[in-house]
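S.K.: One-letter residues, chain by chain:
2 protein chains.
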Amino acid sequence: MKRYEDLSPSLRCIMTPGPVEVDPRVLRAMSFPVLGQFDPEFTDIMNETMEMLRELFKTDNKWAFPVDGTSRSGIEAVMVSLIAPGDRVLIPVFGRFGHLLHEIAERCGAEVYTIEKEWGSVFAPEEVISALRSFKPDVVAIVHGETSTGRMQPLAEIGRACREQDALLIVDAVATIGGVPVETDEWMLDAVIGGTQKCLSIPSGMAPVTYNERAEAKLLKRKQVERGLRTGDFEAGELPPVRSNYFDLSMLQDYWSPQRLNHHTEMTSMLYALREGLRLVLEEGLTARHERHALHGQALVTGLTAMGLTLYGDPDCKLTVVACVLIPDGIDGESVRTMLLEHFGIEIASSFGPLKGKIWRIGTMGFSCRKNNVLRVLGALEATLLRHGCDLSPGLGVQAALDVYEPKGR
Amino acid sequence: MKRYEDLSPSLRCIMTPGPVEVDPRVLRAMSFPVLGQFDPEFTDIMNETMEMLRELFKTDNKWAFPVDGTSRSGIEAVMVSLIAPGDRVLIPVFGRFGHLLHEIAERCGAEVYTIEKEWGSVFAPEEVISALRSFKPDVVAIVHGETSTGRMQPLAEIGRACREQDALLIVDAVATIGGVPVETDEWMLDAVIGGTQKCLSIPSGMAPVTYNERAEAKLLKRKQVERGLRTGDFEAGELPPVRSNYFDLSMLQDYWSPQRLNHHTEMTSMLYALREGLRLVLEEGLTARHERHALHGQALVTGLTAMGLTLYGDPDCKLTVVACVLIPDGIDGESVRTMLLEHFGIEIASSFGPLKGKIWRIGTMGFSCRKNNVLRVLGALEATLLRHGCDLSPGLGVQAALDVYEPKGR
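In order, the protein sequence lines correspond to chains W and U. If you read the first sequence in my numbering, its first letter stands for residue 1, the second for the next number, and so on. If you read the second sequence in my numbering, its first letter stands for residue 1, the second for the next number, and so on.
There may be inaccurate statements among the hints.
[What the hints assert, rightly or not] So the derived list for chain U, only partly shown, Cβ under 7 Å to chain W, looks like this:
| id | residue |
| --- | --- |
| 1 | Pro33 |
| 2 | Gly69 |
| 3 | His102 |
| 4 | Gln197 |
| 5 | Arg227 |
| 6 | Thr268 |
| 7 | Met270 |
Bear in mind the hints are in silico, worked out from the structure with no lab data behind them. Even glycine gets a Cβ: it sits at the ideal position worked out from N, Cα and C.
Work out the full structure, taking the sequences as your base and the hints as a guide.
M.R.: And the structure:
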């Protein structure tokens with residue numbers, strides 16, 4: 001029989017738009033012994049996590065809990081639960097993850113109407129509002145931070161308009177939660193999905209979601225109690241049942257309620273990680289955390305431009321936590337990425353679809369978002385580009401970033 | 001702002017049918033720093049895990065990988081991918097988890113036909129075969145080890161009959177994999193779902209699945225490339241696309257293939273846990289592991305009966321890894337469970353539906369399945385029952401279990 005070696009992953013400096021490095025305290029939390037899923041100590045941890053998530057999402061919503069899967073599991077859970085077959089769904093698309101929302105809505109059986117914006121920019125609120133008025137959707141689904149293009153869509157005016165039109169607004173905040181402000185209640189977002197492996201710096205594996213009473217009202221019209229758990233007569237809802245059992249939020253909320261109605265077996269160790277990661281986020285404070293992300297994001301782009309590289313996309317809607325850089329003419333982007341990984345232990349990302357081979361994406365997210373990482377990636381990228389015959393003046397990138405951290409004359 | 005305390009879960013002796021205790025080496029694996037999802041070191045770990053899963057499932061199938069979610073996510077992924085709306089699906093039900101298969105199939109849009117067996121027993125193969133011949137299903141879905149009743153359904157004859165009738169056979173082996181033999185190829189199972197948090201003793205969070213070429217052929221008829229990743233013309237499949245993006249196995253297999261087509265962000269730390277847990281299983285050896293489960297299961301039931309308790313269900317089809325015990329007349333089952341947890345740190349389980357309040361379920365699974373745990377639960381259960389005024393002769397349970405471990409006159 002083959003003998004498998006001990007696991008021994010290399011230490012990496014991960015400067016992608018996720019997954020990113022994880023704080024050692026979060027890693028440690030996953031190594032605690034497990035509790036049973038209905039052990040009162042464990043349900044206390046579940047309740048505490050809900051409380052922390054409400055703070056994170058800036059909401060008074062009753063419901064804020066993780067879906068047990070990667071970020072897109074949270075997106076699918078919210079969409080399949082809130083979109084009934086035949087519903088009219090408006091999706092403004094300005095990058096790859098808008099297409100994902102389109103695809104999921106379609107699989108939910110929705111009548112989908114999309115508006116598209118050229119990659120690298122975002123919508124003016126009135127463009128979305130005008131589509132909202134003419135298409136009259138039941139649901140609007142939109143990405144907040146689009147990592148494929150590094151842009152961020154302002155949401156406050158869209159939120160108000162959706163409320164006025166009585167459309168449910170679903171927001172994919174996977175890339176922004178914990179890194180830039182996400183104001184669930186203030187912006188009138190009906191359902192929001194966050195990601196763990198980006199600005200929260202928790203390993204991929206859970207998808208925190210929150211939704212308000214407007215969303216819950218729709219859920220309750222589709223509610224079913226699971227076969228095998230039903231007692232007495234069973235009454236069907238007003239709308240067709242959710243097409244998924246695993247992602248049925250009306251069941252998940254019963255499991256996360258004091259009722260604790262059995263559904264899946266909660267992921268113990270991932271919940272430990274989420275709870276510890278959220279504790280660190282709240283200890284740092286959301287405002288301080290957003291400022292930290294802004295500072296390092298600024299140092300990175302200052303360094304990149306000083307080095308002579310050109311940023312991609314409309315700077316007015318740049319997502320703080322991702323810098324998109326045009327790959328210089330004649331340079332093989334993948335060869336640069338490979339050299340960075342193999343020689344410097346640094347990972348940066350490529351992109352998708354029309355941007356494949358055109359840009360690199362460098363993230364400054366969560367635990368990865370720190371001064372020594374920013375300086376390290378700038379120095380290594382410069383060395384790698386020089387090695388690839390790129391014409392640039394050495395030394396400028398790191399110096400410019402240092403200037404951001406330590407303004408001269410101070 | 002509220003200050004959250006350090007995570008500090010108590011050490012428990014978990015003798016339920018899952019989730020169970022986790023080997024410290026698996027817990028440690030989760031505390032390793034993360035790698036990026038397309039880091040060659042990480043994709044090597046993915047490939048190695050697939051190799052280990054083929055050994056675990058006793059199969060030469062090309063496809064064997066985890067779905068990123070709890071066990072039921074694996075069940076739903078296999079069902080929603082292999083059951084097209086309108087498909088005829090036969091589900092033999094002999095406990096709660098058969099009802100779950102029914103529910104999921106229904107949500108997939110199947111025409112479901114169930115046959116039911118009284119809880120506590122299983123089907124004779126000819127009962128299933130006869131339903132197979134009369135209903136002529138496209139798909140049969142069945143539970144191997146039903147933890148709600150503690151029974152195990154023999155599958156070899158059913159597998160052969162499904163192959164003859166050209167029905168796809170989906171098997172929920174969540175409770176059995178790693179604890180009792182599961183012979184994917186020999187029994188002609190077309191798709192099998194295993195669980196991590198039971199006999200594999202890995203925290204809940206991933207669902208290993210395997211499926212053969214017959215299953216893949218059906219998948220490929222439903223294949224879609226994700227919007228936002230498509231290049232060139234897109235051709236729709238012969239059957240309607242899978243209703244879920246997250247659970248579309250035709251996409252998941254592209255992600256797990258050398259093509260590495262982007263889908264979700266693989267759960268790094270959970271994959272470390274799965275890989276390490278599988279390494280320990282294969283190091284012990286499947287046969288030795290099954291024998292260990294049989295031995296401790298035997299010691300437990302011997303102790304329980306010696307104590308004067310009565311086992312529930314047909315002994316001929318008892319699932320080795322779960323003992324179901326009738327709660328003695330006049331005893332409050334939940335009060336006993338609470339006392340076991342609070343005074344002894346031991347968790348045992350109740351059951352569902354018609355068995356709620358009627359039986360306790362005591363598991364001997366994975367890392368929890370060891371001599372000191374069996375002796376500990378017997379001693380503590382005796383003490384707790386005495387404390388509840390139960391009429392039993394003290395001392396007999398533990399002694400009888402010791403006799404199993406150390407036969408007299410040896």
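S.K.: Holds or violated: is there a CB of chain W closer than 7 Å to the CB of U/Gln197?
M.R.: Holds. Min distance 6 Å.
S.K.: Would the hint on U/Pro33 be counted as holding, given a Cβ-Cβ threshold of 7 Å to chain W?
M.R.: With Cβ-Cβ at 6 Å, under 7 Å, it holds.
S.K.: Per the CB criterion, is U/Thr268 less than 7 Å away from chain W?
M.R.: holds (5 Å)
S.K.: Per the CB criterion, is U/Met270 less than 7 Å away from chain W?
M.R.: This interface hint holds because 5 Å falls under the 7 Å limit.
S.K.: So, U/Arg227 near chain W? Judge it on the closest CB pair being under 7 Å.
M.R.: holds (4 Å)
S.K.: Do the numbers back the hint for U/Gly69, that is, is its least Cβ distance to chain W under 7 Å?
M.R.: Status holds, d = 4 Å.
S.K.: Would you settle whether the hint for U/His102 is holds or violated, based on the nearest Cβ-Cβ distance to chain W being less than 7 Å?
M.R.: holds (6 Å)
The structure agrees with every numbered hint stated previously.
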